[in-house]
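Build the full structure now, drawing on both the sequences and the hints.
Residues per chain, in single letters:
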Amino acid sequence: KQEVTQIPAALSVPEGENLVLNCSFTDSAIYNLQWFRQDPGKGLTSLLLIQSSQREQTSGRLNASLDKSSGRSTLYIAASQPGDSATYLCAVRLLANQAGTALIFGKGTTLSVSS
Amino acid sequence: DTGVSQNPRHKITKRGQNVTFRCDPISEHNRLYWYRQTLGQGPEFLTYFQNEAQLEKSRLLSDRFSAERPKGSFSTLEIQRTEQGDSAMYLCASSFAFEQFFGPGTRLTVL
Numbered sequence: 701k702q703e704v705t706q707i708p709a710a711l712s713v714p715e716g717e718n719l720v721l722n723c724s725f726t727d728s729a730i731y732n733l734q735w736f737r738q739d740p741g742k743g744l745t746s747l748l749l750i751q752s753s754q755r756e757q758t759s760g761r762l763n764a765s766l767d768k769s770s771g772r773s774t775l776y777i778a779a780s781q782p783g784d785s786a787t788y789l790c791a792v793r794l795l796a797n798q799a800g801t802a803l804i805f806g807k808g809t810t811l812s813v814s815s
Numbered sequence: 000d001t002g003v004s005q006n007p008r009h010k011i012t013k014r015g016q017n018v019t020f021r022c023d024p025i026s027e028h029n030r031l032y033w034y035r036q037t038l039g040q041g042p043e044f045l046t047y048f049q050n051e052a053q054l055e056k057s058r059l060l061s062d063r064f065s066a067e068r069p070k071g072s073f074s075t076l077e078i079q080r081t082e083q084g085d086s087a088m089y090l091c092a093s094s095f096a097f098e099q100f101f102g103p104g105t106r107l108t109v110l
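Those protein sequence lines, which keep their order, are chains A and B.
The numbering of the first sequence is the working numbering, which starts it at 701 and goes up by one.
The numbering of the second sequence is the working numbering, which starts it at 0 and goes up by one.
Since the hints were derived computationally from the structure, they do not count as laboratory data.
Be careful, since some hints might not be right.
[Said to hold, decoys possible] Computed cross-link-like contacts, DSBU-like style, restricted to lysine-lysine with a CA-CA straight-line distance of at most 30 Å: (1) B:Lys10 with A:Lys742; (2) B:Lys10 with A:Lys768; (3) A:Lys742 with A:Lys807; (4) A:Lys807 with B:Lys56.
Below you can see the structure in the form of C-alpha cells.
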C-alpha cells in the first residue's frame with residue numbers, strides 16, 4: 701500500500717529564508733507527483749506537477765525535485781515571504797494499470813513565515 | 000472564473016438527515032474526482048468519473064454515499080442518514096490529462 705509522508709509537520713521561518721519541504725513515498729511505481737498549497741479552510745491550489753520521467757520542475761520561487769528510485773521529492777522555496785504561509789501537500793498518482801488515477805496525499809507541512 | 004466550483008461552501012445538518020453537494024468541473028475536463036479531508040489530514044480519495052462513468056470507488060464510500068455525473072458535466076455527491084463521523088471537507092477535482100485542479104470544497108458539519 702502506497703504511503704506518503706511529509707517532514708516536517710510544521711515549520712516556522714523568518715521572512716527571506718530559503719527552505720526545503722520533504723516528501724517520501726513507499727512505492728516507487730508512481731505516474732506523477734503533485735505539490736499543492738492549501739490555505740486554512742480553503743481548497744487546494746496546484747503548485748507543481750512532476751511526471752515520473754522528470755527530475756524537477758520550477759515555477760517562480762518554487763522548485764520541486766523527484767528521485768523516484770529513492771521515493772523522495774523536495775519542494776524548495778526561495779526567499780520566503782509571509783504570503784507563503786500555508787499548508788503544503790504532496791500527492792502521488794500510482795501507475796494507471798495498478799491503482800487507477802486517484803492521488804494519494806501526505807498529511808502536509810504547515811509553513812509559517814514571519815515578517 | 001473558469002475554475003472548479005462547489006456548492007454549497009458550508010453545510011450544517013443534523014444527524015440522520017440527507018445532504019447533497021454539487022461540483023462543476025472546469026469546462027471540457029472529462030475526469031472528475033471526489034475527496035474527503037478531515038482536520039490535520041491530507042485528502043482521501045472517494046470516487047472517480049471519466050465522463051459520465053463512475054470508474055472507481057474507494058472503500059471509504061459506504062452504502063450511504065452515492066455520486067453521479069449525469070451527461071458527464073457537473074457531479075453530485077449525496078450522503079444519506081448523515082453521521083457525526085461524516086463531518087469533513089468534501090473536495091472535488093477535475094482534470095483533462097495529468098494535473099488535477101481542486102475546487103474550494105464544501106465543509107460539512109453534522110450535529
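Against the structure, the hints come out as follows:
1. B:Lys10 with A:Lys742: Holds, at about 15 Å.
2. B:Lys10 with A:Lys768: 40 Å, violated
3. A:Lys742 with A:Lys807: 15 Å, holds
4. A:Lys807 with B:Lys56: Roughly 21 Å between the alpha carbons, so the hint for A:Lys807 and B:Lys56 holds.
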